[in-house]
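Protein chains: 2
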Amino acid sequence: MPYKILNTKNIEEYLFSLSAIREFFNSQSLEVKEIGDGNLNFVFLASSKADSTKSLIVKQAVPYLRCVGEEYPLSRERMTYEIRSLETFATLSEHIPTIYHSDEAMSVIVMEYLGEHIIMRKGMIESTRYPLFASHISTYLANTLFKTSSLYLSNVDKAALVSAFVDNSELCKLTQDFVFSAPFMTHETNAELPELQDVADKIANDTELKVKILELKYKFMNQSEALLHGDLHTGSIMVNQSDTYVFDSEFAFVGPMGFDTGALIANLVMSWVSHHVQDSNVEYLMWIEETIVSVWQLFTEKFITLWNETPQSALILKGYASAEVLQAYQKEFMHNLLQESIGFAGCKIMRRQLGIAGVEDIRGISNVVTREKANRLALNIGEQFIKEYKNIEKIEDIIKIMKV
Amino acid sequence: MPYKILNTKNIEEYLFSLSAIREFFNSQSLEVKEIGDGNLNFVFLASSKADSTKSLIVKQAVPYLRCVGEEYPLSRERMTYEIRSLETFATLSEHIPTIYHSDEAMSVIVMEYLGEHIIMRKGMIESTRYPLFASHISTYLANTLFKTSSLYLSNVDKAALVSAFVDNSELCKLTQDFVFSAPFMTHETNAELPELQDVADKIANDTELKVKILELKYKFMNQSEALLHGDLHTGSIMVNQSDTYVFDSEFAFVGPMGFDTGALIANLVMSWVSHHVQDSNVEYLMWIEETIVSVWQLFTEKFITLWNETPQSALILKGYASAEVLQAYQKEFMHNLLQESIGFAGCKIMRRQLGIAGVEDIRGISNVVTREKANRLALNIGEQFIKEYKNIEKIEDIIKIMKV
Chain V
393 MPYKILNTKN IEEYLFSLSA IREFFNSQSL EVKEIGDGNL NFVFLASSKA
443 DSTKSLIVKQ AVPYLRCVGE EYPLSRERMT YEIRSLETFA TLSEHIPTIY
493 HSDEAMSVIV MEYLGEHIIM RKGMIESTRY PLFASHISTY LANTLFKTSS
543 LYLSNVDKAA LVSAFVDNSE LCKLTQDFVF SAPFMTHETN AELPELQDVA
593 DKIANDTELK VKILELKYKF MNQSEALLHG DLHTGSIMVN QSDTYVFDSE
643 FAFVGPMGFD TGALIANLVM SWVSHHVQDS NVEYLMWIEE TIVSVWQLFT
693 EKFITLWNET PQSALILKGY ASAEVLQAYQ KEFMHNLLQE SIGFAGCKIM
743 RRQLGIAGVE DIRGISNVVT REKANRLALN IGEQFIKEYK NIEKIEDIIK
793 IMKV
Chain L
393 MPYKILNTKN IEEYLFSLSA IREFFNSQSL EVKEIGDGNL NFVFLASSKA
443 DSTKSLIVKQ AVPYLRCVGE EYPLSRERMT YEIRSLETFA TLSEHIPTIY
493 HSDEAMSVIV MEYLGEHIIM RKGMIESTRY PLFASHISTY LANTLFKTSS
543 LYLSNVDKAA LVSAFVDNSE LCKLTQDFVF SAPFMTHETN AELPELQDVA
593 DKIANDTELK VKILELKYKF MNQSEALLHG DLHTGSIMVN QSDTYVFDSE
643 FAFVGPMGFD TGALIANLVM SWVSHHVQDS NVEYLMWIEE TIVSVWQLFT
693 EKFITLWNET PQSALILKGY ASAEVLQAYQ KEFMHNLLQE SIGFAGCKIM
743 RRQLGIAGVE DIRGISNVVT REKANRLALN IGEQFIKEYK NIEKIEDIIK
793 IMKV
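Protein sequences appear in the order of chains V and L.
393 is the number of the first residue of the first sequence in our numbering; add one for each residue after it.
393 is the number of the first residue of the second sequence in our numbering; add one for each residue after it.
Mixed in with the good hints, there may be bad ones.
No distinction is drawn between identical chains; accordingly, a pair holds when it is met within one copy or between any pair of copies.
Restricting the straight-line Cα-Cα distance to at most 30 Å, the calculated cross-link-like pairs of lysine-lysine (DSSO-like) are [to be verified]:
| hint | residue 1 | residue 2 |
| --- | --- | --- |
| 1 | 539 | 611 |
| 2 | 723 | 786 |
| 3 | 396 | 514 |
| 4 | 710 | 779 |
| 5 | 611 | 694 |
| 6 | 594 | 723 |
| 7 | 779 | 611 |
| 8 | 792 | 694 |
| 9 | 514 | 782 |
| 10 | 795 | 765 |
| 11 | 782 | 710 |
| 12 | 446 | 425 |
| 13 | 710 | 594 |
| 14 | 565 | 710 |
| 15 | 723 | 710 |
Calculated directly from the structure, the hints in this document are not laboratory data.
It should be emphasised that the depicted structure is a prediction, and the values quoted were computed from it without experimental measurement.
Produce the complete structure using the sequences and hints provided.
Written as structure tokens, this is what we have:
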């Protein structure tokens, strides 16, 4: 249907016009609350008045930045890419909320309500462990990255995937500017943190660092390997003790695999930094370290298993590769992917300290001295990740960098 | 207009229906000859009966492989990409024949007739020197590669370029299969050359070589850097003592820059091999060596000049890079591009010895002993290019490899 902005008044009529939604609720009337606290979109919780266990999330993009208002226009086509990517990922992984309805023209998606789950970032701030997380997210990453790459897809299917996301350039530009550029120079959008001015200046004048960031930004802009979530931080993941769900994929595009794995590693590292400076819960720090190592090791195992189940592909024609050639190439491929992941993780960590968007784990620290300590530790780790990414041999190497 | 196959009978009516063509000929009747000797398309030469200096080339793709016939279907959409790429390159370089008319629906392009020029491969077989070639082709390469890359284009324009070519997957697959795969394994399409069986077997079992070829093929499939010609060999270039023109760009797509520079270097090297085994014209060998070195050096200079004229871009925001950062990154960028060019050149050289499509410079050698010598020398050079590409420091390094 043609685009119309939804609100708590007109949303019931809209939802009841959709047969799949009518069937889900099996009710005459709904209770609707606006629950979004994000910057970009409106998010509603719609629940059956007759049966409060029946609830759905309705997310709609508006043609402006929600947190500012109509005077800050932002194309609502971002929802098109969120819809397309979530629907693609849903065919590849069970770690995506159930999608009940989507409409690109309406910029709307209707999804499962995850009422018994928590945003992972908030859970980690509260020192909650998620014992199944490494297993779940490594399955998600292996399936979504492998099965949208030219290790798996035909040329025609890969080209169709590139086509479907290539015009998400408005959001790709946000990443290019705010992850890879502005934080490393004087820029009006950077956070005002006078206590970090000395280190911000040092970074802005570090030739080696800035050349390596250009290298990584160029890879981000030119390496069309797989369909990425594009913003896979712990605020885009809902968890509890038994489940893991990934959502908020409006930054999706066909890019370098290491950008998704790196984003996840970066956010685990920033939680580690936050706990390291604030409390002496050594066991929680150890759990984060183990999680980082497990995520990578399990991801590698699962990715290679999928690869071994795919004896021929657009890349490797039947009869081209002996077992020895395949194994040697796989080893090199995963090694290279690890190095790029750590490079991207470094950019992600540094930008969260200096740039426009921080992470609650660190910016939310109320004691300013402790917060500055966290900022400086994170910046130092991020810098080492970027400068050393081509020397990383195994995932444990980054734990050593974190602890120096 | 809707698609209709042209022939010497109906082509005059078609051409006179186009006002730009009527104006060009300014004549009542035309003489038309079918002159194509390629495998894929029909090529006609249309000349004014009143003024034989007025001639145009009409090239049309048919929905099958011309050299086999209707029983071998091949999508005529290849002409769509030839039209789009030549028209794009024509806005960026003067080394493209003048285009008088194009029609994607008719799969037809009408171009300047280069009657006073010769296919460069044929000229080089005859030991003709082209003193302006290095200067011309380096200008063509620097302009087309730089100005279709994210060093120059906005995100939106780059995305539009990717979109316009991403569906040329049928021809990209031909390159993937016949440049990077089939020649290095047992494959029914490979040339039947029993005298090379020992070296073909050795290559098919060389793990190091085959892993490096997979690396390069993966770059070809996933590195969306710039709009490439896609098949820039000396048979796609018309030359004489004063001009250089590039055509036949149906393999165009947004891919790794080094694939175009590498294709050109590969074909200069194969001409060198051909002369090296056949005659003792040391001066011509030296001219080829100097041309290879000049092409790279002039290309580098011109590419960097264009870059320095572009103080800000999607990659490098205004204020991000000091002169020192920019210079260090440019140096690294060109170094990396040289290495990838040599890797791609190695694949191109080897496939022309073992694969379905040879080059006349070598397959055309009538003395079978000399031809085998050329094949073996070319295979050895190609192998070293592939195995050593990450160790290449400067273009002169490949001349050393050729002479060992």
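My question is about residue 565 and residue 710: at a cut-off of 30 Å on alpha-carbon distance, are they close within one copy, between copies, both, or neither?
between (39 Å within a copy, 15 Å between copies)
If the cut is 30 Å between Cα atoms, do residue 539 and residue 611 qualify within a copy, between copies, both or neither?
Result: close both inside a copy and across copies, 20 Å intra and 18 Å inter.
What label fits residue 723 with residue 786 when the C-alpha limit is 30 Å: within, between, both, or neither?
both (12 Å within a copy, 29 Å between copies)
Residue 779 and residue 611: within-copy, between-copy, both or neither at 30 Å Cα:
This pair counts as both: shortest intra-copy Cα distance 16 Å, inter-copy 23 Å.
Up to 30 Å CA-CA - residue 710 versus residue 782, copy category:
For residue 782 and residue 710, the Cα distance is within 30 Å only across copies (27 Å; inside one copy 32 Å).
Up to 30 Å between alpha-carbons, please classify residue 792 paired with residue 694: within, between, both or neither.
Answer is within: at 25 Å inside a copy they meet the 30 Å cutoff, but 44 Å across does not.
Are the CA atoms of residue 795 and residue 765 at most 30 Å apart within a copy, between copies, both, or neither?
within (14 Å within a copy, 59 Å between copies)
First find the shortest C-alpha distance between residue 446 and residue 425 inside one copy, then the shortest across copies, and answer within, between, both or neither for a cut-off of 30 Å.
Only inside one copy: residue 446 and residue 425 sit 14 Å apart there, 75 Å across copies, limit 30 Å.
With 30 Å as the alpha-carbon cut-off, assign the pair residue 514 and residue 782 to within, between, both or neither.
neither (32 Å within a copy, 45 Å between copies)
30 Å Cα threshold - placement of residue 710 relative to residue 723:
Result: close within a single copy only, 20 Å intra versus 39 Å inter.
Since the copies are identical, ignore which copy is meant and state whether residue 594 and residue 723 lie within 30 Å (CA to CA) inside a copy, between copies, both or neither.
For residue 594 and residue 723, only the inter-copy Cα distance (23 Å) is at most 30 Å; the intra-copy one is 37 Å.
Copy assignment of residue 611 with residue 694, given that the CA separation must stay at most 30 Å
both (24 Å within a copy, 23 Å between copies)
Hint check: violations occur at hints 3, 9; the rest are consistent with the structure.
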